[in-house]
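Q: Listed below are the residues making up each chain.
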Amino acid sequence: MTAIALRKPSSDTLVGRALNGLLKSPKATIAAVICLLLLLTALIGPWLAPQDPYDLMQISIMDAKLAPGSESMSGGTYWLGTDGQGRDMLSAMIYGLRTSLAVGLVSGIVALGIGTTLGLMAAYFGGRVDTLIMRLVDLMLGFPTILVALMLLATIGQGVGKVMFALVLVQWALFARAVRSAALIEKSKEYVEAAACLDLSKPRILFGHLLPNCLPPLIVIGTLQVANAISAEATLSFLGIGLPITEPSLGLLIANGYEVLMSGQYWISVYPGLLLVLLVFSINIVGDRLREVLNPRLER
Amino acid sequence: MTVFIIRRLSQSLLVLFLTSIIVFAGIYAIGNPIDILIAGDATPAEREQAIRALGLDRSLIEQYGTFVWNALHGDLGRSFVFNQPSIDLIFNRMPATLELAFVALALSLILGIPLGLWAGLKPGTALDETVMTGSILGFSLPNFWQGMMLIMIFSVWLGWLPSTGRGEVGSVLGIHTSLATWSGLTHLILPAVNLALFNISLVIRLTRSGVRETMPLDFVKFARAKGLSERRIVSVHVLKNILIPIVTVVGVEFGSLVAFAIVTETIFAWPGMGKLLIDSIMRLDRPVVVAYLLVVVTLFIVINFVVDLLYSLLDPRIRLGSAS
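Chains as they are written, first to last, in the numbering used here: chain A, 1 to 300; chain B, 1 to 324.
Please note: incorrect hints may appear among the correct ones.
Said to hold, decoys possible - Here's a subset of chain B near chain A, in silico, CB distances under 10 Å, partners left out:
1) Trp157
2) Leu158
3) Tyr292
4) Val295
To be verified - Pairs of lysine to any residue, SDA-like flavour, derived with a Cα cap of 25 Å:
5) Lys240/B / Leu161/B
6) Lys27/A / Pro123/B
7) Lys24/A / Arg212/B
What the hints contain is simulated information worked out from the structure, not anything from laboratory work.
This structure is a prediction, so every number in the text was calculated from the model and none was measured.
Note that the Cβ used here is the ideal one computed from N, Cα and C, for glycine as well.
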């Protein structure tokens, strides 16, 4: 961390401004470090986890529902206890983190791509294109995320791909609205006129010239939306209509612990929950700080 | 004003129409409607009969017409599980959900506005920082996990509050509510807190930014120059100005509360329509799912319409803005 701080990122570029702003707030710096650590944990998870919780050879039903710190049959220690099938909670959580992060990041990025394209088109072409896209945006934003996703999944069934589809569907509108309002301001500036005079192709004007100037709100919303997507996926999985049991995310791990919570086996749902909160909270703190630094005019 | 109302009303009808098409397409066109609308254990003869009775042998346009016609008459099919009209089931469960949502809404205002004022009047202090970080935590705590922790702490460990059901329901002025009995009240606390937490955070942030925008304005300086106490300035003049955005957002958020009640009701076994929805999805009781969907969409359209109307009544600038 000190190495970055010493180099003093230049404050002219967008990334420089964002980094500078993050580093000036100790709270945001800690949150960003936690985000990076969690991301790293997810990436190298299989090498880090004490066991592969989904390899039946490695788990033993004899070890089911052991309290944190118990010894396993084979001599190791379950630092965070085991679940009903005798899986090491720590390993299950690392694998769950991978799934949660992957679903959140992928759906966030796809939604960003679709929303940005539609938002730029709405702003640049105006007229009917604008009306059509913005009506759709209003329609989407008129209903809460969780309700739309729930309805969709209740109709089309569950699965990783379907959950991601639902999350993209409920998120793109936010990006589209933000990009459109930023692009509307940029559109009237001279460089866009100049680009049009040079007879550059429409995609090139949109993505090469308009888009780079609309980035600040996108970065902020993108960050916050990844947190929202992770949270939404966890909620859907908890309700039993998100991810299938074969690909457990943190939400599903928590759901597994729900039934035994009343009988005092708190660790099965408490620890995955704490990890989930840590993840979402850290991302939100970073996003909140980025909003202050880059200061795009956002609601809320 | 009349033009505004008519335009919003026609927009609302359009949304409802679109929703009915999407729902129809979701249930009837994608997948086999026979599997969805007829119980799995039906004999071939029963299936034949049901297909004719439901009109599934006719064209899609005709089917859609029948679907809308029946829906307009309040007939959204019968629940397989309860064997009664699904719309009745929804309406029976609705009061419990609305009660939960209203109490959560009240909680978020009662706690959120003072905390937001407090933070906004002392920007940059440790207090402000704590309240704001707390509100981010409020956004970040997944609703369902936070509910489970409430149960673990207050029901399992401390044993202070019940964790499931609605308790005894009393009656006040002909309205059946849990608020009327002690048992009902204790059952209501945990679910209401669970549902309210997100909105408490939202109201805190809205109030704080409202205060920070309003405090430097001239009328506040004028009130100070007039010698009014700081307390009066804040509680009367500033508050009045920041209430408009809060009322609007909170109005819209009421819809979210009804939606998020699905999660809360599932955790606390609260007998509302959200729990009914999840149970019906699990039991593949499709008619109830369809009925819930249409009822909630209608509810949302009504809420959004009323909020827009209220907003333009409270703040004429909005109405002019939308007309231009």
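Q: Compare the structure with each hint and give your call.
A: Here's how the hints hold up against the structure:
1. For Trp157/B, the suggested interface contact is upheld, since its CB lies about 9 Å from the closest CB of chain A, less than 10 Å.
2. With its C-beta approaching chain A no nearer than about 13 Å, Leu158/B sits outside the 10 Å limit, and its interface hint is violated.
3. The restraint placing Tyr292/B at the interface with chain A holds, with a minimum CB-CB distance near 9 Å, inside the 10 Å limit.
4. The interface hint given for Val295/B is violated, since its Cβ lies 12 Å from the closest Cβ of chain A, which is over the 10 Å cut-off.
5. Only pairs whose Cα atoms come within 25 Å are accepted, and Lys240/B paired with Leu161/B is rejected, the gap being roughly 37 Å.
6. For the suggested pair Lys27/A and Pro123/B, the alpha carbons sit about 17 Å apart, so the restraint of at most 25 Å is met.
7. The straight-line distance between the Cα atoms of Lys24/A and Arg212/B is roughly 22 Å, inside the 25 Å bound, and the hint therefore holds.
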